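Novice: Chain by chain, the residues run as shown.
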Amino acid sequence: MFKYQSVRNSGAKSWILQRISGIALVVLMIGHYILMHYHPDSGHTFEAVMARMQHSWYRIIDLLFLTLGFYHGLNGIWGIFRDYNMKPWLKISLLFALVILGISFIAWGFNIIFSIPYLKNLT
Amino acid sequence: MSEEIKKIKTFDQREWIKENISYRKDSGSWAWIYHRISGIALIGYLFLHIYSLSTLTEGKAVFETKMQSFLSPPFLALEWLLFIFVLFHSLNGVRIVLVDWADGAKYHKTLYRFSWIIGIFLFLLMGYIMFSHEILKLFGK
Numbered sequence: 042m043f044k045y046q047s048v049r050n051s052g053a054k055s056w057i058l059q060r061i062s063g064i065a066l067v068v069l070m071i072g073h074y075i076l077m078h079y080h081p082d083s084g085h086t087f088e089a090v091m092a093r094m095q096h097s098w099y100r101i102i103d104l105l106f107l108t109l110g111f112y113h114g115l116n117g118i119w120g121i122f123r124d125y126n127m128k129p130w131l132k133i134s135l136l137f138a139l140v141i142l143g144i145s146f147i148a149w150g151f152n153i154i155f156s157i158p159y160l161k162n163l164t
Numbered sequence: 633m634s635e636e637i638k639k640i641k642t643f644d645q646r647e648w649i650k651e652n653i654s655y656r657k658d659s660g661s662w663a664w665i666y667h668r669i670s671g672i673a674l675i676g677y678l679f680l681h682i683y684s685l686s687t688l689t690e691g692k693a694v695f696e697t698k699m700q701s702f703l704s705p706p707f708l709a710l711e712w713l714l715f716i717f718v719l720f721h722s723l724n725g726v727r728i729v730l731v732d733w734a735d736g737a738k739y740h741k742t743l744y745r746f747s748w749i750i751g752i753f754l755f756l757l758m759g760y761i762m763f764s765h766e767i768l769k770l771f772g773k
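Protein chains in written order, with our numbering: chain S, 42 to 164; chain Y, 633 to 773.
It should be emphasised that the hints constitute simulated quantities derived from the structure, not laboratory data.
Heads up, some of the hints might be wrong.
[As the list claims (entries may be wrong)] Taking lysine-lysine and the BS3-like style, the derived pairs with C-alpha atoms no more than 27 Å apart in a straight line are:
(1) Y:Lys738 x S:Lys54
(2) Y:Lys738 x Y:Lys657
(3) S:Lys54 x S:Lys132
(4) Y:Lys741 x Y:Lys657
(5) S:Lys132 x Y:Lys650
(6) S:Lys128 x S:Lys54
(7) Y:Lys741 x Y:Lys650
(8) Y:Lys741 x S:Lys128
[Claimed, not checked] Just so you have them, the derived chain Y footprint on chain S, three or more residues with Cβ under 8 Å:
(9) 126-132
(10) 149-159
[Unchecked claim] Away from chain Y, derived, C-beta distances all over 12 Å, residues of chain S:
(11) Lys54
(12) Leu66
(13) Ile75
(14) Phe87
(15) Met91
(16) His96
(17) Ser97
(18) Leu136
(19) Phe137
(20) Val140
(21) Leu142
Values in this document were obtained by computation on a predicted structure and should not be read as measured data.
Virtual Cβ for every residue (Gly too), placed ideally from N, Cα, C.
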């Protein structure tokens, strides 16, 4: 009956990290929605984005949001895959693909945030 | 394996669609299904989100041209629909955490109903906030 259950990795760590990142994302998402949609300009104009990015704490929150979002999302996808019995080679390739996808998109996001300059005079 | 255990119907993975459909579903099973669908939609959107914001590095003109297309009413409507996925996934996520850590298994059905009520309210509120400028224009303001 326990033929397909792996003892080595019970998934407990990924379960608890999924809960913690999920709670953090709910809080961050409330802030994100208020910020982006309370006024249409604040989410969609170049100046508004630049003005926000002048605060280092905002950048830090953004980096955290980005990382947690991708971690939570791709860990969730991995959780879906784990529901099905797969050949080991398929499992490893899917995990590898998800990790590569996650790292490259997080890196892309970091690159976008870091390439926004700190401006002296805001107009 | 005894006879009794053999009689228990187990999940046949090769027929997973059929198996899933044939199950009798209560609120929890629907929550599980919707949670999965909304989760997949949200990670898909997150990829697009990074892609669409990548023009931030190319200066104001490029970024604003791109943003103009996202501010058209059809896109706003899609954004509003996306909020359904965000709302469901967040509210149900809170419900899952309560079930796991706060004895929520005893009241998870009530939580499910409440999250729908809260969700519908927030969805309508967000619709008003997002379209308030269009709504005001209709009344000539």
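Novice: Does the claim that Lys54 of chain S lies outside the interface with chain Y hold up, using a Cβ gap greater than 12 Å?
Specialist: It holds; Lys54 of chain S is separated from chain Y by about 15 Å at its closest Cβ, greater than 12 Å.
Novice: If you draw a straight line from the CA of Lys741 of chain Y to the CA of Lys650 of chain Y, is it 27 Å or shorter?
Specialist: Holds. Lys741 of chain Y to Lys650 of chain Y sits at ~26 Å (cutoff 27 Å).
Novice: Taking beta carbons only, do three or more residues of the stretch 149-159 of chain S come closer than 8 Å to chain Y?
Specialist: Result for this restraint: holds, n = 6.
Novice: Beyond 12 Å from chain Y, beta-carbon-wise, is Leu142 of chain S?
Specialist: violated (8 Å)
Novice: At 12 Å, judged by beta carbons, does His96 of chain S keep clear of chain Y as stated?
Specialist: holds (16 Å)
Novice: If you draw a straight line from the CA of Lys128 of chain S to the CA of Lys54 of chain S, is it 27 Å or shorter?
Specialist: Answer holds: Lys128 of chain S to Lys54 of chain S is near 23 Å, not above 27 Å.
Novice: Holds or violated: Lys132 of chain S with Lys650 of chain Y, Cα cutoff 27 Å?
Specialist: Since the Cα atoms of Lys132 of chain S and Lys650 of chain Y sit roughly 24 Å apart, the hinted pair holds (cutoff 27 Å).
Novice: Holds or violated: are the alpha carbons of Lys738 of chain Y and Lys54 of chain S at most 27 Å from each other?
Specialist: holds (25 Å)
Novice: Within 27 Å, alpha carbon to alpha carbon, are Lys741 of chain Y and Lys128 of chain S?
Specialist: violated (37 Å)
Novice: Looking at Phe87 of chain S again, its CB stays over 12 Å from all of chain Y?
Specialist: violated (4 Å)
Novice: Three or more residues of the stretch 126-132 of chain S near chain Y by CB distance under 8 Å?
Specialist: violated (count 1)
Novice: Leu136 of chain S clear of chain Y by more than 12 Å, beta carbon to beta carbon?
Specialist: holds (15 Å)
Checked against the numbered hints given earlier, this structure breaks hints 8, 9, 12, 13, 14, 15, 21; the rest are met.
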